[in-house]
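There are 4 protein chains.
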Amino acid sequence: MKCTVVAFCFLIFGCLRVLGQNPSFNGRWILIEDFFGTPRYLRLQVEQNGSKISGELNGDKLDGAAEGRNIHFVAHTEQKDTFELQGSLEGGILKATMINTEASNPDHPYRFSITGQPAPPLEHGTPQHHEFKPTVFYRQFSALNKPVLTLAPGDTIHTTTVDAGGTDENGVRRVAGGNPETGPFYIKGAMPGDVLVIHINKLRLNRDWAISDDFLVDRSVTPDLAVKMKGVGKDIKWHLDLANATAFPSKPGDHLTRFRVPLKPMLGCIAAAPSISQAPPPTGDSGFFGGNMDFNEVSEGATVYLRVSNPGALLYFGDGHAAQGDGELNGNALETSMDVELAVDVIPNKRIADPRIETPDAIITMGLDGSLDAAFEEATGDMAAWLAEDYKLTPSEVAQVIGAGAEYKVSEVADRNAGVVLKLNKKYLETLASGTK
Amino acid sequence: MKCTVVAFCFLIFGCLRVLGQNPSFNGRWILIEDFFGTPRYLRLQVEQNGSKISGELNGDKLDGAAEGRNIHFVAHTEQKDTFELQGSLEGGILKATMINTEASNPDHPYRFSITGQPAPPLEHGTPQHHEFKPTVFYRQFSALNKPVLTLAPGDTIHTTTVDAGGTDENGVRRVAGGNPETGPFYIKGAMPGDVLVIHINKLRLNRDWAISDDFLVDRSVTPDLAVKMKGVGKDIKWHLDLANATAFPSKPGDHLTRFRVPLKPMLGCIAAAPSISQAPPPTGDSGFFGGNMDFNEVSEGATVYLRVSNPGALLYFGDGHAAQGDGELNGNALETSMDVELAVDVIPNKRIADPRIETPDAIITMGLDGSLDAAFEEATGDMAAWLAEDYKLTPSEVAQVIGAGAEYKVSEVADRNAGVVLKLNKKYLETLASGTK
Amino acid sequence: MKCTVVAFCFLIFGCLRVLGQNPSFNGRWILIEDFFGTPRYLRLQVEQNGSKISGELNGDKLDGAAEGRNIHFVAHTEQKDTFELQGSLEGGILKATMINTEASNPDHPYRFSITGQPAPPLEHGTPQHHEFKPTVFYRQFSALNKPVLTLAPGDTIHTTTVDAGGTDENGVRRVAGGNPETGPFYIKGAMPGDVLVIHINKLRLNRDWAISDDFLVDRSVTPDLAVKMKGVGKDIKWHLDLANATAFPSKPGDHLTRFRVPLKPMLGCIAAAPSISQAPPPTGDSGFFGGNMDFNEVSEGATVYLRVSNPGALLYFGDGHAAQGDGELNGNALETSMDVELAVDVIPNKRIADPRIETPDAIITMGLDGSLDAAFEEATGDMAAWLAEDYKLTPSEVAQVIGAGAEYKVSEVADRNAGVVLKLNKKYLETLASGTK
Amino acid sequence: MKCTVVAFCFLIFGCLRVLGQNPSFNGRWILIEDFFGTPRYLRLQVEQNGSKISGELNGDKLDGAAEGRNIHFVAHTEQKDTFELQGSLEGGILKATMINTEASNPDHPYRFSITGQPAPPLEHGTPQHHEFKPTVFYRQFSALNKPVLTLAPGDTIHTTTVDAGGTDENGVRRVAGGNPETGPFYIKGAMPGDVLVIHINKLRLNRDWAISDDFLVDRSVTPDLAVKMKGVGKDIKWHLDLANATAFPSKPGDHLTRFRVPLKPMLGCIAAAPSISQAPPPTGDSGFFGGNMDFNEVSEGATVYLRVSNPGALLYFGDGHAAQGDGELNGNALETSMDVELAVDVIPNKRIADPRIETPDAIITMGLDGSLDAAFEEATGDMAAWLAEDYKLTPSEVAQVIGAGAEYKVSEVADRNAGVVLKLNKKYLETLASGTK
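Protein chains in written order, with this note's numbering: chain A, -18 to 418; chain B, -18 to 418; chain C, -18 to 418; chain D, -18 to 418.
With the rest of the complex left out, here is chain A (with noise of 0.2 Å):
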């Protein structure tokens, strides 16, 4: 499997740079590393001053030498682990082998062999406004999806989503359901270790119908509630009135005949493919990598954050919803297909634990795990961590603010993980200490 992959990378990385007969390593490097069978990024920072080379391995400080095509580096890290890389250019493609040996056995280090070439720069160009028209939709968070196109930081994109159980705008089915991605879309020079900023520039509706059900989720109900809505579980038609921004059944019971839901597209899923090392995830899960969040503030106007795992960071998105109450309590929230137009970004060498949201009156951590007790506690952590390191917060500030300021909101119950959202008014994050974000 190794191969292929490493092949197919290598193409879609787009041209190499042209290197002299001295070449520089200076910059981000992609490397690929074969881990026993299964192919693992790692990510390399170089500074090189004549032979003298310096720079970063995972994050851990390296120090080494090259010379001509040949490089030679070691890095510590923390628990004084040791990786060792000596490798040189061909072609314009480092080969290389990593010597990794662990502080507590020292006497059986590993060996594995390295290929890598230099990243795309992060370069901020003119942007480039990008059509799209989908033809292809994936039903896993793949980093095996070959993407559909490239878009450069700063770049924006406007393309269709086909709702989650596949349907088009125009009412074609195009693909089995379970929230089939428009995507993946490679985001040129975003690195493991970089954060992928997504801003929603229009999410607008492109049919007036969406589909729901009056199920109510495992996690919703009470054994008493059970016994209530024994039998319920039908699909149900909703017009969508585009004139007037709002929602109704299409045949609505006795007393909804006047029931109107204001319309609030927003994108129940938006990813950055997990690292090609890891099982791909059905579009139907969630996690650090985003997914399946279903919040519903990921509408227009809003900017997610993604830690990218994969070069290129692979952006998948779907599965709109022309209206939600918090939390998707009916598994189906109004489901339609969606006119989207997003702007992408690159903070480089950023590290986020979790998906990471912003609107224009808040910022937002999310919490998505198995409960919703554990989901609560991961959203606090990521706040915590998030004032601690944007905002310089000390522990004892961190619980100052979060115990005066935090809002919290359950944003998913309809799916494997529970999510949590710890919202925090930008009116006190304007009172905090100015210089220190």
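Worth flagging that the hints you see were computed from the coordinates, not collected in a lab.
Nothing here was measured: the structure is a model prediction, and the numbers come from that model.
Among the hints, a few may not be true.
Identical chains share a label here; the pair holds if one copy fits it or two copies do between them.
[What the hints assert, rightly or not] When the alpha-carbon atoms are kept at most 25 Å apart in a straight line, the in silico BS3-like pairs for lysine-lysine are as follows:
hint : residue 1 : residue 2
1    : K232      : K209
2    : K245      : K407
3    : K218      : K232
4    : K42       : K215
5    : K211      : K408
6    : K114      : K245
7    : K232      : K408
8    : K33       : K211
9    : K407      : K232
10   : K408      : K218
Using the hints, position chains B, C and D against chain A.
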């Protein structure tokens, strides 16, 4: 214990109806059963037509006859258990025997002694305004504490509360901490099986400081965050800037010198005492009776609905917070004393499972249970019941309305019960079929 | 309330030491502080050497002086708060004032009045056997209930318990249901800060029937199972075949005509009342004080360790089950009256967070919390503490022993607290380094 | 992707029945539907009587007719949806079209292409014994991996597994870690809708060391314990003393020099791959398909029952533990390679929701979900289903048997799913009415 309680209750019911030669049994009665040594209230509603007696006992239909001072009736439960009462009026007091025959055990009927008297009528006279200066503060939501004042439905009460630690508006420590309460107030005519309505007319600060801390409660921290937070936990004094309606730490850390929190006074506790037959909960606890809910929308303009479990409802309130993030993550919010004006009312013969709240914008149910997951289910079940009862929605319609319109917030993580609220904006209610409420 | 309590407590402490002209302050003292209207126990241990006073107050070292009937000392907490006591003996009673100065608020010391007397010595005399016939049964684990009997460490008590519904061995209903308890028993010399040890010498059935039901508690049913179980919930009478040590339903369903359950009598409740300063829990509740744990290994031969929170410990027990599956899924087990013989003892100056149980084969910690997940964590934390304290294991060693040897059972799902127990077989303990316990 | 899969599947089904001029459609069929681009299995059982066709499609009754190589039938679901198949045999392959008309949407039937062939008969011939030396180890429970060997029901397979980190019995690292599996094995005749039965004939250690660590997983630590455990987390090497059947740390801490753990080899993973239409789970995950259950009673002598989701079942196993406390608290148990002999069998046309285990003493259901609370409910629901189906118990009887006899253990806390098992001792089953199984 029983005798004391009975005597005490009778004293506070106020003057008895003067009964003629052939007294009427018409109306609601307060019956106290000696249930194997534990006092227990029964709800009795009698309609007398000549000698014929009909009505309800604890919600079950009854039939019987009255002759002079004597009364006899039988009620049947859904499970075919029977309750037979035989009694007579003596000096305005009904002395009776209740025989309970269980369908599953017909040969061994139980026999209980009953004492009762007519419930005061549930009438709105001219609303009275009461000024009340508390001198005693209770630390249990107990049906045994002597009411401090009697209010009629429609009346308003203006009073104060001490902070969670027992300190009043003058900085004087009045009582041990743990949410000492003002009250209990006896609401004339309120009976088990009714709902107590408390509208918060005014909720104002009456001193310029509050106490909180920089701890994060256990429910909110991952193991990783616990390690990071090691050592926090000291008291934080806040200045309440009443003129500008903001609060800030009196001795802020370096990054919080400009940190400001908008004041939003709220009551952490509001309760109608649980039944006298039940162990009184401490004022740090919550449940069907309300109590220490710590929900930051229980503020000026809100209305709280609580199940009545004792004659007179026995209303307690306290634990004012100048401001609080969702969940009260520090264990303490900005704890302070409070100036309070409430209007009280009673909805007769209405049963609710858990506290309900109404704000100008939304109706709100609150799940209170041992985990967020269980509280979430409970809040959903309570809203489903509300929509079915008051808006006549079918199960399918309930699912559609909740699925499209629910907002879920985490209301409490600081105490034994976790709290989750389900808010339904009134804009949805307005579109439900007219005339169905 | 305080005065009554103090008087009452002194009465039951039995006869006071006769004190001479220059009394000794040596030994343990029972101090009751009037903490803003709430009685609160302080632990005081004094060593007098001439006029010099040393020792501990609530675990903090103290220094001071005695002169005749007068005593004065100061103790400092880890947080640099100080407690200064000034008092004198009058008629064997210490009347004192305590000044508490918080390091964070040095200008506003608090002043409390204290009443105290020497604690009875914690001596093992010749063990006495007590026969006790209960006439009153309490429904709260309250420190306010008058002890029914005083036991000395080492004594045994033989008595009976009524079933959870209040019915005794003769089928006579004695009290309202809800786990009415036998007790409280006052254990001479037990003081807050000690551990009460209860060994179950004998636990035998004393009638041939039990009552259970065919309900499944909410914690145990999925929405799907709730629908399937709709309509169950009736009482099930069981015959207890004492000769063959089995139980079976008296009127079995068609498929249970041969169904037999082995008898394994257990106590659902065993408790040392929580502190008098705390609201007494109902006998359906559980916590650090033990209580309604419903753990089916609290049976003959087991030893239960409970934290002492009041002078005399105030031991309650009841809620016997003839047999019970893990967790008490029916809400009721095979509820029956019981013939009980317990031996009691006290371990002085030992603090445990939660109940501990020892069987012939295992040491057991019990987490009791609002969810199984939280109870699981708590049981683990308690065992880690036990292994660190009594076996001196390092954190790494604790992890290895628990990882390899832990057995986790669900002990309780029927009540407000869920319970999970961690059992560690004694075969593991035997291999821990000798001499470390 | 579909074409490849279909072709691949057909190859492995082995030789086809030779079909005459008028072929019989009798028997079970493997149908693969092209469901909007995703392959999906349908269960088809045909009884042909002359030209008359009856039987079941996915459990729903069908009616139709056959004429020569052509077949046509219609099946109706409970919800009145219809499935109509029209097809013909070409070269032993059924080429067909399925028209699915939903009752709720009758005007828009869906049309799918189907390819099928007769399922190999589910016959027990003379059981074969297979020796198998694995050369590839998979890290996903995937239906796409090529089977390594075909077994017939009744056969035994003797092979080895590498440890969770990928190291074999010779200490050679063979593959990246994360529970690499031996398999998949194709079980002849097993079809979706059947149950795969795996009996562990032998499970023996084949090297004298294991690797674990001294970490405690997040699910098991309170915030307080997290702080105490700060800094643990290093690998611990264990010596496996095969002669004495005990294990001990190779470099024990001071208090563990005599610490001994009895060896009890178990398989952490055993799975029948989930359906080809579903994203393959990583080998660290668990669910209805079994997988990484980490239950320490999956050891020699146990039988595991798993739902079959693909033709051939596709059996995987691995992740052997020399010993493990309940829940695998270190995240790793005593991870080691293993010598394994399994016997396989198939129960046709039986559906189970989740894995079931049988030991010599007990039948066991296993809940696997995002929290212990949810897993607990699931285990209970599964046992209720088992007792209802195989022992014909009514809901009331189910409640009585579980209430009196259930044993609940925590089986897993180390992975994404938590696990709780419900064990019912066979002594209870023996007393259920005879002849009811």
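Now for the hints, and whether the structure bears them out:
For the identical chains of this complex, K232 and K209 are intra-copy neighbours only, at 22 Å inside a copy versus 31 Å across copies, given an alpha-carbon limit of 25 Å. In this assembly of identical chains, K245 and K407 lie within 25 Å of each other by CA distance both inside one copy and across copies; the values are 22 Å within and 17 Å between. Taking the shortest Cα distances, K218 and K232 sit within 25 Å of each other inside one copy (7 Å), while across copies they are farther apart (51 Å). In this assembly of identical chains, K42 and K215 lie within 25 Å of each other by CA distance solely across copies; the values are 22 Å between and 58 Å within a copy.
For the homomeric pair K211 and K408, neither the shortest alpha-carbon distance inside one copy (46 Å) nor that between copies (28 Å) is at most 25 Å. In this assembly of identical chains, the alpha carbons of K114 and K245 lie at most 25 Å apart only when taken from the same copy (24 Å versus 50 Å across copies). Proximity of K232 to K408 under the C-alpha cut-off of 25 Å is restricted to the inter-copy arrangement: shortest distance 21 Å between copies versus 44 Å within a copy. When the C-alpha separation of K33 and K211 is checked against a cutoff of 25 Å, the pair qualifies neither within a copy, at 72 Å, nor between copies, at 38 Å.
Taking the shortest alpha-carbon separations for K407 and K232, only the inter-copy value of 23 Å comes in at or below 25 Å, while the best intra-copy value is 42 Å. For the identical chains of this complex, K408 and K218 are inter-copy neighbours only, at 21 Å across copies versus 40 Å inside a copy, given an alpha-carbon limit of 25 Å.
Figure legend: structure checked against the earlier numbered hints; hints not met, in rising order: 5, 8.
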